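Based on the sequences and whatever the hints tell you, model everything.
There are 2 protein chains.
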Amino acid sequence: MKRLLAIVVLTVGLSYAQAPKDSKPASSNVPGAEYPRIHSDLRVTFQLTAPGAQKVQLMPGGADNGLGKGPIDMAKDAKGVWTVTTQPAVPGFHYYWFILDGFAANDPGSETFFGWGKQCSGVEVPEQGVDFYDARDVPHGEVRVRVYRARTTGEWRRAYVYTPPDYDRSTQRYPVLYLQHGAGENETTWSKQGRANLILDNLIAERKAVPMIVVMDRGYATKPGAVAVAGAGGTPRLPNAFEELLLNDLIPTIDSTYRTIADRDHRAMAGLSMGGSQTLQITLAHLNLFAWIGSFSAPLRNFDVKTAYNGVFNDPAAFNKQVRLLWIGAGTLEPSMYQGAQTMHQGLDQAGIRHVFFESKGTSHEFQTWRRSLHDFAARLFRQ
Amino acid sequence: MKRLLAIVVLTVGLSYAQAPKDSKPASSNVPGAEYPRIHSDLRVTFQLTAPGAQKVQLMPGGADNGLGKGPIDMAKDAKGVWTVTTQPAVPGFHYYWFILDGFAANDPGSETFFGWGKQCSGVEVPEQGVDFYDARDVPHGEVRVRVYRARTTGEWRRAYVYTPPDYDRSTQRYPVLYLQHGAGENETTWSKQGRANLILDNLIAERKAVPMIVVMDRGYATKPGAVAVAGAGGTPRLPNAFEELLLNDLIPTIDSTYRTIADRDHRAMAGLSMGGSQTLQITLAHLNLFAWIGSFSAPLRNFDVKTAYNGVFNDPAAFNKQVRLLWIGAGTLEPSMYQGAQTMHQGLDQAGIRHVFFESKGTSHEFQTWRRSLHDFAARLFRQ
Chain W
166 MKRLLAIVVL
176 TVGLSYAQAP
186 KDSKPASSNV
196 PGAEYPRIHS
206 DLRVTFQLTA
216 PGAQKVQLMP
226 GGADNGLGKG
236 PIDMAKDAKG
246 VWTVTTQPAV
256 PGFHYYWFIL
266 DGFAANDPGS
276 ETFFGWGKQC
286 SGVEVPEQGV
296 DFYDARDVPH
306 GEVRVRVYRA
316 RTTGEWRRAY
326 VYTPPDYDRS
336 TQRYPVLYLQ
346 HGAGENETTW
356 SKQGRANLIL
366 DNLIAERKAV
376 PMIVVMDRGY
386 ATKPGAVAVA
396 GAGGTPRLPN
406 AFEELLLNDL
416 IPTIDSTYRT
426 IADRDHRAMA
436 GLSMGGSQTL
446 QITLAHLNLF
456 AWIGSFSAPL
466 RNFDVKTAYN
476 GVFNDPAAFN
486 KQVRLLWIGA
496 GTLEPSMYQG
506 AQTMHQGLDQ
516 AGIRHVFFES
526 KGTSHEFQTW
536 RRSLHDFAAR
546 LFRQ
Chain Z
166 MKRLLAIVVL
176 TVGLSYAQAP
186 KDSKPASSNV
196 PGAEYPRIHS
206 DLRVTFQLTA
216 PGAQKVQLMP
226 GGADNGLGKG
236 PIDMAKDAKG
246 VWTVTTQPAV
256 PGFHYYWFIL
266 DGFAANDPGS
276 ETFFGWGKQC
286 SGVEVPEQGV
296 DFYDARDVPH
306 GEVRVRVYRA
316 RTTGEWRRAY
326 VYTPPDYDRS
336 TQRYPVLYLQ
346 HGAGENETTW
356 SKQGRANLIL
366 DNLIAERKAV
376 PMIVVMDRGY
386 ATKPGAVAVA
396 GAGGTPRLPN
406 AFEELLLNDL
416 IPTIDSTYRT
426 IADRDHRAMA
436 GLSMGGSQTL
446 QITLAHLNLF
456 AWIGSFSAPL
466 RNFDVKTAYN
476 GVFNDPAAFN
486 KQVRLLWIGA
496 GTLEPSMYQG
506 AQTMHQGLDQ
516 AGIRHVFFES
526 KGTSHEFQTW
536 RRSLHDFAAR
546 LFRQ
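Sequence lines, in order, name chains W and Z. When you line the first sequence up against our numbering, it's residues 166 to 549, in that order. When you line the second sequence up against our numbering, it's residues 166 to 549, in that order.
Note that these hints are calculated values from the structure, not bench results. It should be emphasised that the depicted structure is a prediction, and the values quoted were computed from it without experimental measurement. What you were told as hints is all true, and nothing was included just to trick you.
Repeated chains share a single entry, so a pair holds when one copy, or any two copies, can fit it.
BS3-like cross-link-like pairs, simulated, lysine-lysine; straight-line CA separation at most 27 Å: (1) Lys186 with Lys388; (2) Lys486 with Lys471; (3) Lys234 with Lys220; (4) Lys189 with Lys388; (5) Lys244 with Lys220; (6) Lys241 with Lys186; (7) Lys241 with Lys189; (8) Lys234 with Lys526.
What follows is the structure, encoded as structure tokens:
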């Protein structure tokens, strides 16, 4: 009997050793999953049971994504449980996966988040004292899945549409922000990884943002019968007809379905990374349609204010009169995007183009940068 | 030069061999993923690149799920690509994963679907001539993510709420169906795997169903400070406070947020598997709140019409007057659930309890059974 008791105590002891008291399951875990766990100093412990594997590594999704430089070796115990604890992580949402004898495997303990062209694992590391993207005790809007037929592509698509808290109770019409994800992501990304709906709920509750509709669609569109053409590095790619889809299908669908104010003064577009490039390309070629523009961490290489975007910046007086907000931002820990944004900022300054330049301190090419970007950008929108 | 050409041709030849002309990528794949592929005879080819793995198997999620009995060995080629083609599959949605040297890994080519307590891979096998759950050229309703505070659990929860196509344009009030998932699933399941919204869109367009609101929440709720008690097989489990949450938080939230008709004659509840058991437990104990009841493939063991549900069936005249619809269904290929439903059906018949008994022919404990169940059940709801 004493022997049995000893074994039980030992088991409990081991269990405590694996799940230290100063840590708790990440909020991004599926219900009941104990790992990954976040420690009070923001170290993160990952764990995976794979007795048959010879080598397992933790792979942060992206360089400098806040979890450390990957791949990171994990250690196996006698039961085939692989564990690693990272250094204190940068706060925010981080994509990750495990490399299991060379195979990129999701963590069964994590929710999945569409990024990198597939459903990935992700871990939410809280930022102390920061709750602008948390569910708080304020009125909440909705994210609505809007199924619609797109003539450009001949397909049924779905847009994710945020409607503000008072939408159903009022007869008011609202301005609209079109908000785009990055490469390899989709229409679910901004609400799931980015928490765009909670950011807007909180801003609106604090009267820091005007109530607005936010439309999140997939930034990829392929026309029927499209033929691949050489893309970056010569790789054949199908041409992306997203601009055509946005202008000819999505905006008309939104304006005919929701109580929008359907003019340029009440229409904004912003996007992160690839979505930022799309935003600049599309809005600066269609200033008759958009008056509010946001680029979050777009790749902005070789920016020349004289020639960029078909010379749109060559008449600063006209541009400043027409464009209500041009917003350029990046994180200080994403060197290429940050330098690109700074170069554009300086070029715009020299040319006398009014704009906002935003830095997210200590964050990389990641959602903490983009949550902060949306928080700053959305608060400036649709002001008189 | 000739040698190089030969190699190129060989590669193309192999590529065709891997992706036969009579097959196409499953609609449940992520964009661009070529596998799994559905053949014209409904065989399914799965493929995974894992050169470092010693053994890879396809694991259908559940016994007799239509893909065959697992685990099914996959064959490795010289490049480390593992492939298997199944026998012709039963149409419908099937959970699956790969077993990679003993580790249950998702397929990076598949979307993920919450089931089995985690995000799983899934494959959609079309049923010839059947489109009642497809996106068709009809008016579409919305699935809305409703964030709400639940006092029962002290947590922020989200319910998925289907509103019918004309909801925003009318001032009409609507009846409500509370629709529950099975064990290990969640609030996303009925719209993602089950396509409840498309089934309702199509029924409403054909005037086969009354426009209604459908509420899909997570059928698990844990009260703060809850202590585990012995569950099935003695395993300690936290008590599930879903009934309390539904009655005290969810229904009041829905009735105060949406234009519902908030009485028993316009309130239905149904669920699949565990959700069917919850439906019978909750509705038959609260007939003052629900007049329409659906059990889809619930585990109904040892049903005795005299003692079941606290003797609710002992006064058939009163029951038949009070309950507008009692609907019991199962698939013919899920022996335990089918026998349970038949036993209940016979007991109800003998007792003179009016009800509908529904068989889904040739389908198992799977979503094709439950899509058909919802299609039949929803069409009967809220009729005078």
